[in-house]
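The hints should help you fit chain L onto chain U, whose structure is shown.
2 protein chains.
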Amino acid sequence: MKEIKIVLKERDMPRKWYNLAADLPGIIEPALAPDGRPITPDMLAKVFPMNLIEQEASLKRWIDIPEEVLKILLRWRPAPLRRAVYLEEYLKTPARIYYKDESLSPAGSHKPNTAVAQAWYNKEFGIKKLTTETGAGQWGSALAFACNIIGLECKVYMVRISFDQKPLRKIMMHVWGARCVASPSNETSSGRAILRKMPNTPGSLGMAISEAVEEAVRDKTGKTRYSLGSVLNHVLLHQTIMGLESKKQLSLAGEKKPDIIIGCVGGGSNFAGLAFPFLYDKIHGDKIEIIPVEPTACPTMTRGPFAYDYGDTAGMTPLLPMFTLGHNFVPEPIHAGGLRYHGMAPLVSHAIRDGLLSPRAYDQVKCYNSAFIWAKTEGTIPAPETSHAIACAIEEAIKAKKEGKKKVILFSYSGHGLMDLTGYEKFLSGKLSKYHLSEKDLRASLESIKKFPKIRIRKKA
Amino acid sequence: MKEIKIVLKERDMPRKWYNLAADLPGIIEPALAPDGRPITPDMLAKVFPMNLIEQEASLKRWIDIPEEVLKILLRWRPAPLRRAVYLEEYLKTPARIYYKDESLSPAGSHKPNTAVAQAWYNKEFGIKKLTTETGAGQWGSALAFACNIIGLECKVYMVRISFDQKPLRKIMMHVWGARCVASPSNETSSGRAILRKMPNTPGSLGMAISEAVEEAVRDKTGKTRYSLGSVLNHVLLHQTIMGLESKKQLSLAGEKKPDIIIGCVGGGSNFAGLAFPFLYDKIHGDKIEIIPVEPTACPTMTRGPFAYDYGDTAGMTPLLPMFTLGHNFVPEPIHAGGLRYHGMAPLVSHAIRDGLLSPRAYDQVKCYNSAFIWAKTEGTIPAPETSHAIACAIEEAIKAKKEGKKKVILFSYSGHGLMDLTGYEKFLSGKLSKYHLSEKDLRASLESIKKFPKIRIRKKA
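In order, the protein sequences belong to chains U and L.
FYI, the numbering for the first sequence is 1 to 461, going by the numbering used here.
FYI, the numbering for the second sequence is 1 to 461, going by the numbering used here.
This is chain U alone, in the form it adopts within the complex:
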């Protein structure tokens, strides 16, 4: 009987994270302060601990995973690499489809990989409390889990509409000892100001970020910091354990290299976690097609410009060099809440600029359709975000069949969908909208970034 799960031994776990910044062929543009000058570490010191700020700016290729972080990751890692043999049979494809299964973590997704690392570095730096925001709740519950294990207080501002519609995620955070409040809240001045103007607002990630950052910065004891679940370099770095494990596992499965790598993309951390270690090989000559997949409702990579923009809606962050739809962009209410972000991680953005990635956008009807094919064949129920990667894997497997090529496809199964099932019911009842961003709305949204410095194409010295 063929082994369909490729299990790595605990002792074969990667001991270092991979930092793509060391290998990107083009120049990395700096984040900018409001005055247009590159941001300095000191400017971020009230928001993040200095050890993570140093990691954010590092150009070292390999960064040691602290032994204590590794020990916590071992509670559920190494994550299995699985071969989707039933999907292959169903598609009658000659392709071999592998997926990295991140759904088995305590919070049900890849998010704890960085939550644990961030909580640990903050604790190490003497911090007592972390604040963050969460939309659908995946990130908030992952950070609650990590703070619980490491011994930090945790406060999560959850977008009000999700807070009301997804009580289970909120309870998860409470079980892990975090305080989760609906945002906008009465607990911050920015929250109160919003509530005065819009007492019935459903909230947004932008508002929640403002509140979380405010609570971190205002703590006079200096023992509170803010934590972000994607976008930033150090967050992507922590996720590379996914790709590093996968490399060893593919080799155990007898594969020399993957031909195609796929991940869904919101802020970019799940995709980068799987893809960056293979990007190293691509930069050094391997032929690999690497496909980040986003929703057509929020087509940052496929239709946005590479430009400076705020990371949040309220404009509290530095200006980041990235693909963006404009910081005021409000995507349609697709079910993949984790993919509704206007920007894109700067490292992923730079890799696109350097021609290393082949971004693609799918509508959610196509994605749910693929999720049903998955549930029918492989038997598990993926998160709505993950269904974007599955849709692409299916498309590529069918293409391989037409071409008669035995391609090796690897994608990230970033999370399970057990707590996010309402989209499935809508699909079944035929009530699911596709959502394509109109050209007019895109142009209007991009007005907001016209005032920012432009990015010139520069060559490495």
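If you're looking for bench data, these hints aren't it; they were derived computationally from the structure.
A portion of the hints provided could be inaccurate.
No copy labels: a pair is met if it fits in one copy or bridges any two.
To be verified - Keeping only pairs whose Cα atoms sit at most 25 angstroms apart, straight-line, the calculated BS3-like set for lysine-lysine is:
(1) K401 <-> K431
(2) K5 <-> K92
(3) K405 <-> K256
(4) K123 <-> K376
(5) K71 <-> K5
(6) K376 <-> K128
The structure displayed is predicted, hence computed values, not measured ones.
Here is chain L on its own, set in the frame of chain U:
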């Protein structure tokens, strides 16, 4: 770094199930027909397929797992055996606590182990459709999953109050292609009769069983059968893969034998799955304490008699020899919906009668308290049912500490609690009731079984 997950290779999976009926020291009492005579296979032929009826009556010690069933189980099995080192540290116990993690199956519990086997045997027998009932939804979703994989139609009658309160479980079943309806429904004559009398009833497992059996039996083509998720011998048999895997894994971990085995008990299949293979060793001389744990709200083993009773509320099943609280018993609404069953699997009941088990009952406040200790230390969120086993493991680990004994404790982590979180919120708000069955209510409930034949203690020839 010490390995805390003991992973079995796929090729080392057990190839046979273990049948305790071959080794029980005492005589096994037969199930009885309404006329008081032992049931014959023919009487069950409209409800179950003949191959499962034969398995139900088998006295063979080892029964081959069909290769096709094994192949499907391999999608998520072998299930990891884990060592709860963080709980051990927290309790400062010299005990080594192991747990069999059944929460990683596609449906989130041990239930698919038998769902897959039952679906396969039915398909093999030419059946096209399975009907069943479900309370909280764990069993219904497991059977939906299995029928989807095997290619059978599936119809689930879900107790109305759960149907309304737990929409996620219902959607899971729909994703896997099953039809899930609220019971009582208008789709059966028994459902319609109940609705005429009690149009606003919240439903019960008893009512749902009646509807599911009726739909199976009335199919004139003979291609529909009924499927049960616990209690019966063949269901327990299919679950013994849990204990058989655990034996190999304990040995890989360097343990000669467990000193204590623990499982929570509703109908008995999860407990039996882990414990029966070790019961074989106990019967043959090993010193092992084996503890089935039930809720004080439904104290079947600790306070009920060993007597003949119906397996369902409506009295449609044969009379089963078992520990029971009376078939009309309605337990208080504890959150561990899977433990709210009036009876007990006959094989587990016989093992209690033979003095092989040490049943225990806990109230749910104690159990949730233990679940929070678990979430705090081990980091995952257990199902309310599973928390009963955790409470017992903690109690035994503390006892081992007092006695200064390095005991080996093994328990079943039967499922995750991600879709059953409301009890946690109630516990946190201090609104959770303990629920102890009163002596008066117990006596009243047992009135209903006085009319049935008594069980005489008989010795094996």
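Up to 25 angstroms CA-CA - K5 versus K71, copy category:
both (23 angstroms within a copy, 12 angstroms between copies)
Up to 25 angstroms CA-CA - K431 versus K401, copy category
neither (32 angstroms within a copy, 58 angstroms between copies)
Classify it for me, K376 with K128: is the Cα-Cα distance of at most 25 angstroms met within a copy, between copies, both or neither?
Classified as between; 17 angstroms across copies, 46 angstroms inside a copy.
Is it within, between, both, or neither for K5 and K92, if the alpha carbons may be no more than 25 angstroms apart?
For K5 and K92, the Cα distance is within 25 angstroms only inside one copy (20 angstroms; across copies 35 angstroms).
Please sort K123 with K376 into within, between, both or neither, judging by C-alpha distance up to 25 angstroms.
between (44 angstroms within a copy, 17 angstroms between copies)
Under a CA distance limit of 25 angstroms, which applies to K405 and K256: within one copy, between copies, both, or neither?
within (15 angstroms within a copy, 51 angstroms between copies)
In terms of the numbered hints stated before, the structure departs from hint 1 and from no other.
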